[in-house]
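Colleague: Those protein sequences? They're chains A and B, same order as listed.
Counting in full-length UniProt numbering, the first sequence runs from 1 upward without gaps.
Counting in full-length UniProt numbering, the second sequence runs from 1 upward without gaps.
Just so you know, not all the hints are guaranteed correct.
[Stated by the list, open to error] Restraint ranges, calculated between C-beta atoms of paired labels, are given here:
1. P224(A) <-> E246(B): 50 to 58 Å
2. F117(B) <-> I296(A): 22 to 30 Å
3. L201(B) <-> G21(A): 35 to 43 Å
[Claimed, not checked] Which stretches of chain A does chain B cover? Using the computed rule of at least three CB atoms under 8 Å from a CB of chain B, they are:
4. 26 to 34
5. 74 to 84
6. 102 to 111
7. 188 to 200
8. 247 to 260
FYI, nobody ran anything at the bench for these hints, they're computed from the structure.
Note that the structure is predicted; figures quoted are calculated from it, not measured.
Ideal Cβ placement from N, Cα and C applies to all residues, glycine included.
Take a look at the letters that make up each chain.
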Amino acid sequence: MADTTADPAPKGRIWDKLTIGQKRVVWAWVFLAIPIVFFVVIRFYPTFWAFWLSLTNWDLMRPARFIGLANYQRLLNDPAFWQVFRNTFAYLIIGTPISLLLSFVIAYYLDRVRFMHGFIRALYFVPFLTTAAAMAWVWRWFYQPVPIGVLNNILASIGLPAQPFLRSIEQGLPSIMVTAIWAGLGFQIIIFMAGLRAIPQTYYEAARIDGLGEWPILRKITLPLLKPTTVFLVVFSSIGFLRIFDQVYNMTTNDPGGPLNTTKPLVLMIYQTAFQSYAMGYAAAQTVVLFTILLIVSLLQLWVLRERK
Amino acid sequence: MTTVADPQAAEHRLNRAAIRPGRIITWTLLFIGGVIMVTPLLYMLSTSLKSAGQIYDLQLIPANPTLNNYIAVLSDGRFMRWFFNSTFIAVCSTLSAVFFDSMVGYTLAKFQFRGRFLVFIAILSTLMIPTEMLVIPWYLMSAQLGWINTYWGIMFPGMITAFGVFLMKQFFESVPDDFLEAARIDGLNEFQIWWKVAMPLVTPAISALAIFTFLGNWTAFFWPLIVTNSRELYTLPVGLSSFAVEQSIQWEMIMTGAALATIPTLIVFLVLQRYIVRGVMLAGLKG
Chain A
1 MADTTADPAP KGRIWDKLTI GQKRVVWAWV FLAIPIVFFV VIRFYPTFWA FWLSLTNWDL
61 MRPARFIGLA NYQRLLNDPA FWQVFRNTFA YLIIGTPISL LLSFVIAYYL DRVRFMHGFI
121 RALYFVPFLT TAAAMAWVWR WFYQPVPIGV LNNILASIGL PAQPFLRSIE QGLPSIMVTA
181 IWAGLGFQII IFMAGLRAIP QTYYEAARID GLGEWPILRK ITLPLLKPTT VFLVVFSSIG
241 FLRIFDQVYN MTTNDPGGPL NTTKPLVLMI YQTAFQSYAM GYAAAQTVVL FTILLIVSLL
301 QLWVLRERK
Chain B
1 MTTVADPQAA EHRLNRAAIR PGRIITWTLL FIGGVIMVTP LLYMLSTSLK SAGQIYDLQL
61 IPANPTLNNY IAVLSDGRFM RWFFNSTFIA VCSTLSAVFF DSMVGYTLAK FQFRGRFLVF
121 IAILSTLMIP TEMLVIPWYL MSAQLGWINT YWGIMFPGMI TAFGVFLMKQ FFESVPDDFL
181 EAARIDGLNE FQIWWKVAMP LVTPAISALA IFTFLGNWTA FFWPLIVTNS RELYTLPVGL
241 SSFAVEQSIQ WEMIMTGAAL ATIPTLIVFL VLQRYIVRGV MLAGLKG
């Protein structure tokens, strides 16, 4: 690869006439050529294609026909979509605060631990390094009913009634969410710790000279100065929960998104619409909805960050 | 640029922590929490070493540990194939992404030319487009071009990443121009300046990017699930998922599969943990 790009410009007369600045411009575009083609063909073109598809009724069988906003109308009138919409936001609204609170508390205290610091940090970080699809199966086993399931056996051993977990319409979604929170916690802890360490010590020293206690320091110094980190994590984690798929798919393979669609997130609906029903146009409309939601979340981040500057 | 971890500051903080009462309780709680975090992995490993009759005992240490499950799972060679597929795809994608992302990042950070800002914004804007929106066009594209069930079909979306371009641009901006100018006077061409002078100066960023890209490709599930339907071409996560469905309730076999899909790379990642943590911190602060 190095050899082909090492000397791209012709060494002819034109090249020799160029000024150093002009030569550098040529080099810049040589460096950018392949990536620009890549981004146009693999990112931009498919993006427009997806928007276009969402306005058609393409199902791989008949040629695509423009049907305007009919897919979106169908989506708005589809009770299954609203169920999925609620589920997707349930993952977000419950998952993000819990995982952020947990990871902040752990990071805050872990940051002060000296004894076996690296080891404890590793314990929390390990799940982040696992494959979601594989660990979903481990959690699924944990949630099984009594003779097999670990959690129900623990409940039984301390005299509590068995829980249906994944088999229940109330507990299914939270059970899957626990898996997702567990998998992402280590990453968030590390980011929080990085944020905590970036706060200059002088602030703390000044606060202690002023006689502030632990709690006021946390509220008046640590949390405000940690805001960029927190906002980043809120958005990162929100996007993660809005796009949840691997865990749900693997934990409910016998009835994807079940029971009764109560655990089905938007991405799973997209997958089924596109690659099981082959309703490509309808699925494309669903992806546009997902895109819109993610865009709003990202723009909120920008707005929140700008507000306090 | 913010310093990632000021050792003196950390030291200071630790000394302060040392004189706080109640730190033993804090430590114990953190330790218990950490143990809970790894419990699923321990149970997975332990169950993979049990025979079918023993999985109900729920002992963490198997009474009669056996490797029979591993022998059974590995005997037909599927897992080896998936392992190879995943490794090959992750390595190729990582090499490509590191090469191109840093090339583009460097160009956008160190060259003056009309359209630079436009190119940067255009690339950055693709971060707004979720993969899920692109998979349908990618799938149709792959179907037309015969990329379904090929390695290239699995890896083409990740050959260059906007995140990597952004990360590398941030880092190349902190490389002093004098270094590059000196190399230019020494008669190196622009490619050599980038490859031989600038790249070695951003090694931490490169390793962070390499680790992220590898991890991302290694654990990828959604796109490989869509673009492959032949067992030969499955990646490890997709293969494991199909394997687990097939095994239905033979949890010791599923746990063995999960362990095979998790443990080898987990060991590698744990060895590299220090770099991964540093990479996460670097990317988190710059990102």
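Colleague: List, from low to high, the hint numbers that the structure doesn't satisfy.
Modeller: Numbers 3, 5 - these are the hints that the structure violates, sorted from lowest upward.
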